[in-house]
Each structure stands twice: as C-alpha cells, then as structure tokens.
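Engineer: Sequence:
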Amino acid sequence: MSAEPEWETHPVTPDRFEDFADVINKNRRQTHCWCLSHRLTVGEIGELGGDADDQREQAMRALCEREHPPGVVTYLDGEPVGWCNIGPRVEITRLARSKLMLATDDLPVWSIVCLVVRSGYRKRGVTRHLIEGAVDYAGANGAPAIEAHPVDPQGRMDLTMAFVGTRAMFERNGFEVVGTTGATASKMPRLTMRRTLLG
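Adding 11 to a residue's 1-based position in the sequence shown gives its number in the working numbering.
Some hints here could point you the wrong way.
Stated by the list, open to error - In silico DSS-like links for lysine-lysine, alpha-carbon gap of 27 Å or less:
#, residue 1, residue 2
1, Lys37, Lys110
2, Lys37, Lys134
3, Lys198, Lys134
Hints were generated in silico from the structure; no laboratory data involved.
On a predicted model such as this, the values are computed, not experimentally measured, just so you know.
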C-alpha cells in the first residue's frame, strides 16, 4: 500500500521565500506580479523594493520579514505546491481602500487575496489544504474571522482569474456567503464569504 500524502502549511517567512517563488514564479521573471498587484499600491511597492531591477521581488521579500508574513505555502510530501495570500485586512492596502469590496462590518477580519496551485499539482486537493492552512495561520495570530471574495461560476472559469477562488471551494472549508461586492472577475460578481473563528 502507498503511504498517505503528507501535507504541511507554513507562513512565508524569509527562509521559505524560494518555496513561495517556486509556486508562483518558477522562472523568476522580474515582470511577474509577485502577488503584490492586488495587495499593495504602486507607491508602496516602490518604497519596499527601492530602485532595483527586481523591485517587486524585493518588495515581497520585505513583506516576508514583517510580523505577519503575507501568506502561507502548502507542501505535499515536502514539495511546495500552493500559495495563499492572506493577512489582516487593514494591512492589505488595495483591499482596505477598495470602493468595490467594502468591509462587511467593524470586525478586524483577515482577508484572503488570492490562491495559487503550482502547475502540475491541480486536482489533487491542494486548495482544501491550502485554505485550511491559511485559516490556521490567521487563527494562531488572533484573527476573529477570515473573509474571501470568490465568484460562483456555473461552468468552467477563465484560468487567468482563478486566483480569486470559487464559492464551492470556500464552502468546503466552512465559509458562508455574507454579502456581495461591486467587484467582478471574469464578468462574474465577487461574493464576500466569511468563516468565523471567535465570538
């Protein structure tokens, strides 16, 4: 009999940066978004990354050194296979300032910005472990609830927008729809889904 797969999820601290990069930017292209475009303003990226050619990479490295690293990496049998960009909503400038994805209430939620499954590992249950690992990370840091803003596709979804996730994906991890937003992805409205941890 084959051994059960071993899953682990860890915050992307500086020592795990290369694992994160293997998931989202295997070829280390400097023009890649480095999972910053939906998190920080252009000005913040410049402040964190300086004038270097690899400004975006350096900005992401700087985020990994903060008290709340900007997400988690999921491993399957020791291999990095998934990435979830998550943090306190107030620390995610683009979201906190959004006129389309307004705060649900005054609860200091943590927010999931995006999910990425490494090429070659799709349809192997990565997202379930990835979301649960992100929830555990947020909970361990005192988050009272976690929110996400997925869509609810009726059929196949445009893979370029798949990073927002789907309603079914989050429902499998205990999230419930608590509202809608003014934002869209692949011309579909983005929902607000929440999983409450404390209260």
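Engineer: Hint by hint, work out which the structure violates, then give me just those numbers in ascending order.
Structural biologist: Of the numbered hints given earlier, the structure breaks just one, which is hint 1.
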